[in-house]
Every structure is written in structure tokens, then in C-alpha cells.
Amino acid sequence: MKRVENQDYYQILEVPHKASWGEIQKAYELAKATYSKGSLATYSLFDFSGRGRILDKIEEAYQILSHPEKRRKYDHALETLVVELASLPKDADALPPVPVATPPLFPAPTPIIQPPARMTIPAGENKIVSGKTLKALREKQGVSLDEIAEKTRINISYLEFMEANSFGSLPAPVYIISYLKQYAKIVALDNTILEGYMKEYQQWCNAPKQRERFQ
Amino acid sequence: MKKQTEVSQAIPDMFEALKSSKKEVWAIGGGKGGTGKSFIAANIGVAMSKMGKRVLLVDADLGCANLHTVLGVEPTATLSDFLNGKVRTIDQILTPTNLPNLMLISGACDFLEIANPKHTQKKRLIRQIQDLPFEYIILDLGAGTGFTFLDFFLAADTGILSVLPEPTSIENTYRFIKSAFYRRFKKMARDPAVKAFIAAAMNEKNELGIRTPHDLIDHVASLDNKMGQKMKESVLAFSPKVIVNHVRSRDDMTLGFSMRSACSKYFGIKVHYVGYIEYDDYVWMATKKKVPLILERPYSSAARCLDRVVSNLMNKDELKLDAILRM
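Protein chains in written order, with my numbering: chain A, 1 to 215; chain B, 1 to 327.
Chain B on its own, in the form it takes in the complex (with noise of 0.2 Å):
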């Protein structure tokens, strides 16, 4: 494992090679834990730095991090560090990996209280981490469903949903999606009777017939045509990738399509099927060694689902239904 100094120099060196280069920021989200974020976050991070990629994982999910433990180092320091004040700069808490193109922000170890970071705090973080000489960052939200895991996932380039093949996590994965819509017309909306309106409807028992996004948005076109209308536009950039993970079955790989076009039936929304992840006993034998299956298991069933899911992000491609129906 490198030493922190060796870090310092590693910095300036990467701020030279990478003045112009684009950026992208992917967020891993979509709440309850055990659907796999920080098994996917890890392994795609790996698999991305191995092509070269210059990739940085921030563990996000504040007061349950596991990034550092998936990817088997040892934080020097945290984002608790960095977000009371111990630290002033964040290439202070760029943790180094086996990998040389891979860094990790690792979520705080200990205190579950910095979980609430305050609004300058998070702006202050956002800020440091977007001038980072990375060509990509990966975020790791964890099984959050507060209003700045939401927040964070609408502002990322690529939002990612993990879902299981059960009726629980499918459930939680369009209560995520709910929820960032509805905290998206939010934060629009400038009319308080507006705001006041969207949030009434969030709940699904609201007097006014609000049954889908759908009917929201009509019902707020009618106060006020122009909102009404940034309303759809908004719908139509937002558009979150979708990985089915612990697959057993053929019906479980089509699950990823079916769930695009309820999206797009009850949210109006487009949801990219990424990929599938099969279930493979290899996975929990990495975890239990603290190494990234990718450089564990390469081969192995679930790497190589792993391996089409990093190639379907990155060519922003999905998956084609007539590929799982000839299997």
C-alpha cells in the first residue's frame, strides 16, 4: 500500500496529465442495503482503472461506509475528516489502492452524528471533488433515501439503480425513483402553492387524485402552464441506469426490461437496462478476503456480467432483449 507521500506527489503529476480532459460523475444509489452498491461501486471502479481510466471512489454512504473494506485498504483519513474541519483539503483524504489509476474518499469509520453534513459543508465537498484530476468519479450513496442522497444522485451525469430480483427491493427502487422526481419538481417549482401542491401529492392517499407523475404534472399545468412545462423537460433528462443483480434465472435477467417499461408506462421516464449480475458464490468469498472480485475471480460468471456492465456505462449502450431470449 502506498505511503501518503508518495500520494502528495502522485497529485500534481495527474493535475498536469489532465487539464482539459472531460469528467463524468456516476452515483450509486437507490436504497436498502445488500442490493450490492458497494460490491458494483468497487468492482467497476477496479474494472474501469485497469482499462486506464483515471477513476476516483467516494464512499458516500456516511455512517455505514464499505468501500474501504471491499477494496481491502486502509483509510488514513475520512470524509468526516474533511467535513468537520481536521483536514482542509480533500487530496488529504485520497486513500491510494493496488491500483495505480484508483483512489478512494472513504465514508467516516466511526461517528454515525457527521451523517447529517450541513449545506455549506456539502457544497464546500462538491466543489473540492469536481476539481480533481479524475476522468471519472464514482459515487457510492449507500442505502440512503434522505433528500441529499437524492440530491446527489439527480445531480450525477449517470445515476445507477442495484435491484433485486424480489419484491422488496423492486419496491424500494421505485420509491427511490418517486422520491427523486418528486424532490426534482420540487426544487423547481418557485410558487410556494406549487411546492406546496407537489408536496401533497407525494403522498399516495393525497384527496386530489394524484395517482401517477403523470396526472402531477397535468395537475400542476393547470396552475401553471410554464411550470407544467419545465416539468416534462425535466422528465425527459432524467433517465437512470438499472442493474439487476443476484440472477438465477432467465426471468430474473428479463426483469431489467420489464422495470424499463414500467418506468416508462407509470413515470415517463426512460431507464437504461445496463446489465444483469449473476448470483455467484465467488462474490461473498472475495468480500470475506477483502479483494475486489474483479482482480479476485476475472473470469468468474459474475466478473464478466461486471465486465458488460462497465462496457454498456461507458458507450452509454444497454442491453438488447433478443441477446437474453436466444440464451
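Bound conformation, chain A alone (with noise of 0.2 Å):
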């Protein structure tokens, strides 16, 4: 693993490339409060310059990832490096430094972020939601179904059949609603979604089909 000033803001920041807004915004959180210098999980490791440097890249990093178009520019240097880095012969010190944007010399006033508006259909699409879209919706949030589980404390299982549009193992239509607001307020879906939902279930209902009999 590198020292911390040659990596990337991803790495710094200890998030994935496709990192989402939130998830992001959590691990800038959780960085400040470990270097911090009454932290109790850095008690003991670090010096004062090595903490404050550690804590000025995580700033630093911050202010490029969380702003989409500084991110999106930032993303495209990398790429460029990586393309550079494959071109070149294998000598470890030939590395070019990794891009970083200039910084400001003092820090700048801390932007308003805005969190991410809750997820719909666009209008005039097809208004009929299935399991599967809610499934992306949710893997788009970053969202798991354990969570959603643990939180609610929903069946994880009707969950899962949510998603599969198993209808016929799903319980009373009272319950669906119930557990499909719960869910869309986790993964940030509005009404357009659960109607949506709704009418796939409702379609399901109609169509004439064999009643599976039960033991």
C-alpha cells in the first residue's frame, strides 16, 4: 500500500470509484473523526504533523469528490495516468506524481451540498414498475437488502421476493404497501416508484392463472 501522498483521493478517502454521493460524504465523516486529534482509534500512532498532513489530504480530497463536476474532471485525469502509466517501461521511480487539483491555499468556505433528490420514473415512461427496477434502483443507492432488513425488520425473504415479482409468496396487499414505503425510504424512491410497483402487482392479480395449493 502507498503512503498517504501518493494516493489517489479514492484511497484517501478509503471509497470505491463508483463511490455514490452519500457514501462519500460517510467516509469523509468517519476520516475526519479518526485523525482527529482527540481520536481514540489513532491513540498512539501518529505525530501532530503526520495526523494534520493525513487530515489536510482528507480535506483535500473531500472538497474534489464531493462536488460532481470537479469529481468528474478528476476521474478523467486518472484515466489519462492510467493510460500514461501502461505506456510506460516497468521502473518504479519513472511514476508520474498522481493529479491532484491545485488546492486552495487557504481552505475554501465548505460548499451546500445538497443531497441527492429521491429517485423516480421520468415522465412518459411506461408506469409500471417492476421487482427488478427496484432492485437497480436500490444497487444504484448502494443500498443492501440486509440493510433494509436489519432496519425495518422485514422478512428478508419478502424482500427478496419483491424484487423476483414472486407475487404469489408475497403476503396480504396491506403488507406489500407497507413494507414497499418502508423500503423507498431507505433507497430515497418516491411515490411514482410504488405506484408503479403497485400496478405491476395489480396486473399479477388480474390475469387469470392456477392458484398454487399449499401443504
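Treat the hints as calculated values from the structure; they're not laboratory data. Take every hint as true, because none was put in to throw you off.
DSSO-like cross-link-like pairs, simulated, lysine-lysine; straight-line CA separation at most 27 Å:
(1) B:Lys320 to A:Lys181
(2) A:Lys135 to B:Lys320
(3) B:Lys123 to B:Lys186
(4) B:Lys230 to A:Lys2
(5) A:Lys2 to B:Lys226
(6) B:Lys123 to B:Lys86
(7) B:Lys320 to A:Lys37
(8) A:Lys2 to B:Lys232
(9) A:Lys32 to B:Lys178
Here the structure is a predicted model, which means the values were calculated and not measured.
Once you've looked at the hints, go ahead and assemble the two chains, each given alone in its own frame, into the complex.
If you want it as C-alpha cells, here you go:
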């Protein structure tokens, strides 16, 4: 693993490249708490200047990665660097420095960051929402089913059935709506998506089919 | 409690059943008593044996053995009997427990003298333990920080550290990690000059300006580039698992993530945060009764935390930051 001075912003905040805005926010808060002066976690490890250097880097990383446009430019610079590295002869000393945006000499005022809006279906699109769509939206937000199950205490099997469109295995509609609402709250989905899913459920209810017999 | 004769019959059966099974050795260590190592070792063993895994618990905390007390069993023969030659083969010191899949090798019950086994004795012990037909061998290294304990920790497939959310425990944990690191480096180095260099660097106030493992590796690389490379590779292979015990608040829960980050930036190692255990009065109540918590109070919060730890250890997984922050 590289020294802090040679790490890119994602490595400094310890987030993956595809990290969502929320993940970056949380990682930043954790990092600040970890390396601050009175922190329990770094007791006995870093001296004053080492700690200061890391905190500066964390701040720098956050200023870039939390701003969508700056992040986009940074990602592009990183990609270019990767291409350059691939074409270099194998010599560790020839590594070009990791690109950094020129940091301001004095810390810039913290921009007011808006949390991402609730996810919704674009107007005019097919109003039916399948379980597969729910799953895709959930994964886009970086939320796992385990988390939803833990937070809402909904049986994880039902959540799986919901995402798999296994309507026959779900309980009565009143429960499904309740589960959906809790699910939507955690994944930040708005009402059009809930309605779309219930439309799909309605279609299934109306379709003529064999009812399964349970022993 | 099963008698010794029943055990001697059980072993050949297990040998037959487990001819080509995989085997994992887990070591629980980290210095300083009271962080819950024996509690964690015993209850992890119980939890896994209830799942049907064949588990051997080894109390390597010579001189301060407690596993037999946590489990509520009376060993007939112990590790010291093996080490001083009173019994020849290791199956004679296997103590059965109330669970069919769980056996214990108990540490010395009395003399503190045996706490420093000779090198040949250690080798004989390790070889014979590795031949036993268990899927998981869990070593409770106790509070030991001597090089015997470090070696066991480094040799295990999975090294587990238990830490309390207190500065003293955290300090000890980092000290243990540093020692394990430097011990591994020293053993790797062939050149006496490099060996001496590493020994000198272990002193924090050394004159060489070596503050962090990064500094050390860079300096060694300047003396001997190949050795520097080997050291870098061994760093990548070292990934201890951390459990935070006696958790009382959300800050305590996130401590594991902070420690993971700190170890990454300071040591350059990848620590896995496999879980936390909430502070729970049922723990000391079970200890007083000499019954493992998992059997006594399986639905207590500490027991459920342990279940999650076991799951993460077996699946090579760790806690997610999101799961904590959404609570």
C-alpha cells in the first residue's frame, strides 16, 4: 500500500471509484473523526505533523470528490494517468505524480451540498415498475437487502420476493404496501415508483392463473 | 461429561470421516488481559460446533489458562503434560465438551514454569495438532506478547484481535501489530546488517528517523532492494481481523472502521473489521455459571453479535459502515 502522499483521493477516503455521493459523505465524516486530535482510534500512532498531513489530504479529497463537476474532471485525469502508466517501461521510479487539483492556499468555504433528490421515473415512461427495477435502483444507491431487513425488521425473504416479482409468495396487499413504503424510504424512491410497482402487482392479480396449493 | 475411553473411540471415527477435509487455524491474541479473548474463543468454538463443524479449541495461554472454565469442563490431561513428556500423543490431552463436535486442549493448570516451552517442543506440538481431524482449530493465545505468541499469530490462517474501546486497549493492540510486523520482517531478513537494522528500528525513539513501517521498508530497500520487495509483499499478506468488545455506543461500533483506516494509512496493512460485541450483563453471568454464553443465553445481544462475527469470519466478510450508520 502506498504512502498517504502518493494515494489518490479515492484511496485517501477509502471509497471505491463508483462510490455514491452518500458514501463519500460518510467516509469523509469517518475519516475526520478518525484522524482528529483526540481520536481514540489513532491514539499512540501518529505524531502531530503526521496527523495534520493526513487531515489536509482528507479535506482536499473531499472538496474534489463531493463536487460532481470537479469529481468528473478528476476521474478523467486519473484515467489519463492510468493510460500513461500502462505505456511506461517497468520502472517504479518513473511514476508520475498522482494528479491533484490545485488546492487553495486557504481552505475554501464549505459549499452547501444538497443531498441527492429522491429517485423517480422520468415523465412519459411506462408507468409499470417491476421488482427488477426496484433492485436496480436499490443497487444504484448502494443499499443492500441486509440493511433494509435489519433496519425495517422485514423478513428478508419477502424483500427478495418483492424484487423477484414473486407475488404469489408475498403476504396480503396491505403488508406489501407497508413494506414498499419502508423500502422506498431507505432507498430514497418517490411515490411514482411505488405506484408503478403496485400497478404491476395489480396486473398479476387480475391475470387468470392456477392458484398454487400449499400443503 | 464424556469419559476418556469414549474419546479414544471417537478419534478414529473422526479420522475416517475427515480424510481430505480442509482445515483452518484461527488464532486469537492481542495482548493485555480482560479484552475477552477466552470468551470470544470459547463462544466462537461453541457456535461453529453447533453448526456441525468439527472444532478444536486450544488454550495456548500457558500459565493463565481459562478456556476450560469458560466452557465448564475439567480437563484430565493438559498441554503441560504433553510438553513435559508425561503423555506422548496429543489425542491423550483432548478434553471432550458437552457438544459432540467440540474438543478442548487445555493450557497448563498450575505451574508457570512451563510457560516457556523449548523450540523442539513447540514444533512437536504444532505438527501433532495439525494432524488432528478438525475443520477448525482455534488457538487462544491469551495476553502473551512474547515471540512465541507472535509466531503463532503470524502462522495462523486467520489472526483475530479483540480490542476494547479504551485508549489502553487500543495502544496495546497497535503495539501487538507492530511487534508482529517487525517479528515477521526480522525472521525474513537473512543479512545480519538488515536484521540489526530492524531491531534498532523497533525502538520508537531510534536515531535513524524511522517512524512508521513505511519508513522501515524504504530504508531496508535502500540497503537491499530484493529484501525491501519481499517485505512489501509480506505486508500485503498480513490481514488481521478485529473485534471490538464491550461496545456501549455507536462511536464504539465505528471504532473498528477507524482502526481499519488507521492501520491502512500507518502500517499499510488491511485490517478486517469482522464485528463488535455489545456490552451485556449476561456475559459475566454466564461466566460465573461456567456455561458458554451461546448455550446459556443464545438470544442475548452479545450472543447475537457473536453470531454475526462467526458468520463474517467463516465467510471472509466484514461489517459494512452503512449498516452501522443507519442504525
